[in-house]
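*Asks:* So the chains spell out like this:
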Amino acid sequence: MKDSDPHSPQQEAGRPPEKDSLVPAGLGQNAVGVQKFQRITFLWMVIAGLLFLAFSLDGYFLRMYQSRFFPTTRPEWFYAVLTLHGMGMVGLWFVAGMAAVSYLLANYIRPPLWASWLALGATLIGFVLLIVATTKGLFGTGWYFLYPLPLYSQGTWPPWATGCFFAALVAFCGAWLIWSVAMIAAILKRYPLRYALGWHYLSSPAGAHGPEVPPIVLITIVALIPGVAGFLDAFALFLLYLMQWQVKGFVANALLMKNLTFFFGHMTVHATMYLGVAVVYELLPTFNGRSWKMSKRIVLAWNAVLAMVLFAYFHHLYMDFVQPRMLQIMGQMMSYFSAVPAAVVSIFDGLWVVYGSRMRWTIASIFMFLGLMGWAVGGVGAVIDSTISINSVFHNTLWVPAHFHTYYLMGVVIMLLGFASHLGLEASGLKESRLVRRLVVTLFVIGGYGFVLMFFWSGAHSIPRRYAIYPHELAWGTHDARVSVVFIGIFILGLLVYLWETGRCYLRIFRAQLRKSHMGLFPW
Amino acid sequence: MQVEAFYTFIGISVIVVGVFVWVALSTRHEHEPRSRSVNRLRAWFLGVLTGGLVFAFVMMFPRMPYPRRWQKPDRIVYAVGMQFSWALSDHPIRNPDEWQEATYAPPLKIPAGSLVEFRVTSFDVNHGFGVYSPSGHLLGQVQAMPGYVNNLLMRFTEQGTYWVFCLEMCGMGHHRMRGEFEVVPRTEKFARYLDLRQGP
Numbered sequence: 001m002k003d004s005d006p007h008s009p010q011q012e013a014g015r016p017p018e019k020d021s022l023v024p025a026g027l028g029q030n031a032v033g034v035q036k037f038q039r040i041t042f043l044w045m046v047i048a049g050l051l052f053l054a055f056s057l058d059g060y061f062l063r064m065y066q067s068r069f070f071p072t073t074r075p076e077w078f079y080a081v082l083t084l085h086g087m088g089m090v091g092l093w094f095v096a097g098m099a100a101v102s103y104l105l106a107n108y109i110r111p112p113l114w115a116s117w118l119a120l121g122a123t124l125i126g127f128v129l130l131i132v133a134t135t136k137g138l139f140g141t142g143w144y145f146l147y148p149l150p151l152y153s154q155g156t157w158p159p160w161a162t163g164c165f166f167a168a169l170v171a172f173c174g175a176w177l178i179w180s181v182a183m184i185a186a187i188l189k190r191y192p193l194r195y196a197l198g199w200h201y202l203s204s205p206a207g208a209h210g211p212e213v214p215p216i217v218l219i220t221i222v223a224l225i226p227g228v229a230g231f232l233d234a235f236a237l238f239l240l241y242l243m244q245w246q247v248k249g250f251v252a253n254a255l256l257m258k259n260l261t262f263f264f265g266h267m268t269v270h271a272t273m274y275l276g277v278a279v280v281y282e283l284l285p286t287f288n289g290r291s292w293k294m295s296k297r298i299v300l301a302w303n304a305v306l307a308m309v310l311f312a313y314f315h316h317l318y319m320d321f322v323q324p325r326m327l328q329i330m331g332q333m334m335s336y337f338s339a340v341p342a343a344v345v346s347i348f349d350g351l352w353v354v355y356g357s358r359m360r361w362t363i364a365s366i367f368m369f370l371g372l373m374g375w376a377v378g379g380v381g382a383v384i385d386s387t388i389s390i391n392s393v394f395h396n397t398l399w400v401p402a403h404f405h406t407y408y409l410m411g412v413v414i415m416l417l418g419f420a421s422h423l424g425l426e427a428s429g430l431k432e433s434r435l436v437r438r439l440v441v442t443l444f445v446i447g448g449y450g451f452v453l454m455f456f457w458s459g460a461h462s463i464p465r466r467y468a469i470y471p472h473e474l475a476w477g478t479h480d481a482r483v484s485v486v487f488i489g490i491f492i493l494g495l496l497v498y499l500w501e502t503g504r505c506y507l508r509i510f511r512a513q514l515r516k517s518h519m520g521l522f523p524w
Numbered sequence: 001m002q003v004e005a006f007y008t009f010i011g012i013s014v015i016v017v018g019v020f021v022w023v024a025l026s027t028r029h030e031h032e033p034r035s036r037s038v039n040r041l042r043a044w045f046l047g048v049l050t051g052g053l054v055f056a057f058v059m060m061f062p063r064m065p066y067p068r069r070w071q072k073p074d075r076i077v078y079a080v081g082m083q084f085s086w087a088l089s090d091h092p093i094r095n096p097d098e099w100q101e102a103t104y105a106p107p108l109k110i111p112a113g114s115l116v117e118f119r120v121t122s123f124d125v126n127h128g129f130g131v132y133s134p135s136g137h138l139l140g141q142v143q144a145m146p147g148y149v150n151n152l153l154m155r156f157t158e159q160g161t162y163w164v165f166c167l168e169m170c171g172m173g174h175h176r177m178r179g180e181f182e183v184v185p186r187t188e189k190f191a192r193y194l195d196l197r198q199g200p
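Chains as they are written, first to last, in the working numbering: chain A, 1 to 524; chain B, 1 to 200.
Certain hints may be false.
[Said to hold, decoys possible] Away from chain A, derived, C-beta distances all over 10 Å, residues of chain B: (1) Glu30; (2) Arg42; (3) Arg63; (4) Ile76; (5) Trp99; (6) His137; (7) Gly140; (8) Leu194; (9) Asp195.
[What the hints assert, rightly or not] One-sided excerpt, in silico: chain A residues whose CB lies under 10 Å from chain B: (10) Thr73; (11) Pro75; (12) Glu76; (13) Pro214; (14) Val322; (15) Arg511; (16) Leu514.
By construction, these hints were calculated from the structure, which means they are not laboratory data.
Note that the structure is predicted; figures quoted are calculated from it, not measured.
Just so it is clear, CB atoms sit at the ideal spot from N, CA and C, and this is done for glycine as well.
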């Protein structure tokens, strides 16, 4: 593997310098807009980095608690921190994905800057409310707040904490819904739906009967349509909660509420995943000068994903035997076959783009490449768990956080950390240290995969998820958690080194912008 | 089944990681892959993956845990979850008082070899009815939902104390929510009954 030196393959090959590959091509027409996008994207990435560290430390606390390192701390704290960790991570990486994609889409469209600012404000308010609800109010239902647990606190959390948590959710979902719709509208303004979904590529070999559509446009649309459906669904859920809370005698249907909850959660997580993959489609080829252009294959794959993701969420309800059997079977079919386009098109293409190329390996390119691997490995665990007969012994064991941490933490999160690193380096003009790069990647891989492997191991040995303390019959869960603590420590060390390395780039950018703003050039 | 699933996962993951390492190492020497061989490889991969998934789907389909109409249980057990205990009884549990009474009752005794139908529900929030073997392995589960009854059929052959843990987060006492029952040696009479049911 080569280093990112001034004689990079791209420069040797006479390609434009790397900086130009990141700065959107439409800069000439849209220079002011792009600069504004840079500013808010820097801000989003800094917030993402800091909150990621905070929520990772929350996760560290959870595994330490399960290791019995805090015997005097009440279990209520475990469940409250669990809620903060889950909701925080899900929300954080959705907005980070949106910010990254908005920035890269400025190449092709005019993404809604106002919506990005609105989302930034509302997301920060939401995080404050979430932190207050969980740390002050000890609200502890887990991130998907399964009905009717928020209304049955058993005195653990006061009613205001429930209100505070739902206010946070309303702030999140409201802002993200507006942001998603505004983004879809911005895409459709430039590419009508049939073009945005690439259908014209199906009727002609290279989309001759329509504009050239970059894959990032298609994938963003495919991510945001289910995302919007999920946020709308969340409002129906909130309304039903509100009615039960305030209207005497009204009781919601538990099965309906469960379907609404899992639809919302499933769509949000998958939208985030696809936003990360969209970033990889757009950026990975810039490290070796190869192209990853739209093709009939990509159109077919992502349109299939759009159809399947809407129905795959039924796999969350396999253990609700009263759910109609056909929906359960459909859940398994959709979960199984949504793996095909992901593996045969996106992951295979990603490997092809890298194979035998003069790759410029940086933290960013390595993270995007490894992110595809995490998506693939996590996907294997997910497909196994989506088999109904296996789910009956894996559902709500640690196998579940095992597979979603693999494709989330070792997938989309490191893809987006790669984006943040690339953006920082390119905008600051600083060079990446070879030693630091090797250190970061080594610590992330050993710490991350060690951590998720312990989850898989525990899940295969029937350890339930979300247990503050393991009963003595399942005492090996405590030992597994202790081993896990070592790996999380390694991962967090890697994260600190990454933040140090990337942070110095962002510090330099902000200092430069501050200087310019003093000169009246960059009014914030 | 869990161990087989774990090693299947490890096996496939090792192949995936191996492919990624191989591709990463290929960047040490620049060479353009021929698109024809890439397309052939992709077609082969598509075939293997789709075939593998269809095979797994067909093979695992009959092992779905849902009750079949033709399955007649030897014993019906009523199970109700409430924060933070399981109540198991041979009689329907209709209200919180009966639930409390059942939680203090001695563990049910089930003859080995019985096909048991658990009729599972909840009086408050969602719970997960997870049945663990005496050696601490999860044998099967179903959700306990307020307003619904889920039926779970299980056959117990191994004797000993079985545990029911909650597998759906249900509040601050989630980790201490439990129930238990015992599988005892079957009597001669019950063995004859089972033989008669199974037929010649």
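*Asks:* The structure should be examined with respect to each hint, and the outcome stated for every one.
*Replies:* Verification of the hints:
The claim that Glu30/B lies off the interface is violated: its Cβ sits roughly 5 Å from the closest Cβ of chain A, which falls inside the 10 Å cut-off. Distance check for Arg42/B against chain A: the nearest CB is about 6 Å away, which does not clear 10 Å, and the non-interface claim fails. For Arg63/B, the condition that its CB be more than 10 Å from all CB atoms of chain A is violated, with the nearest at approximately 4 Å. The Cβ of Ile76/B lies farther than 10 Å from every Cβ of chain A, with a closest approach of about 15 Å, so its non-interface assignment holds.
With a least beta-carbon separation of about 15 Å from chain A, Trp99/B lies farther than 10 Å from that chain, consistent with its non-interface assignment. At roughly 5 Å, the least C-beta separation between His137/B and chain A is not larger than 10 Å, which violates its mark as non-interface. The claim that Gly140/B is not at the interface with chain A is violated, since a C-beta of that chain comes within 10 Å of its own (minimum 5 Å). Residue-level check passed: Leu194/B sits 24 Å from the nearest beta carbon of chain A, beyond 10 Å.
Remark: the non-interface label on Asp195/B is consistent with the geometry, its nearest Cβ contact in chain A lying 28 Å away (cut-off 10 Å). The beta carbon of Thr73/A is not positioned within 10 Å of any beta carbon in chain B (closest approach about 12 Å), and the interface hint is therefore violated. Because the beta carbon of Pro75/A sits about 6 Å from the nearest beta carbon in chain B, less than 10 Å, this interface hint is met. A distance limit of 10 Å between C-beta atoms decides the matter here; for Glu76/A the minimum to chain B is near 5 Å, and the interface restraint holds.
With a least beta-carbon distance of about 21 Å to chain B, the hint placing Pro214/A at the interface is violated under the 10 Å criterion. Hint status for Val322/A relative to chain B: holds, with the closest Cβ pair at about 5 Å, below 10 Å. A distance limit of 10 Å between C-beta atoms decides the matter here; for Arg511/A the minimum to chain B is near 35 Å, and the interface restraint is violated. Of the supplied interface hints, the one on Leu514/A is violated, with its beta-carbon coming no nearer than about 39 Å to a beta-carbon of chain B, more than 10 Å.
Of the hints listed earlier, those the structure fails to meet are numbers 1, 2, 3, 6, 7, 10, 13, 15, 16, in rising order.
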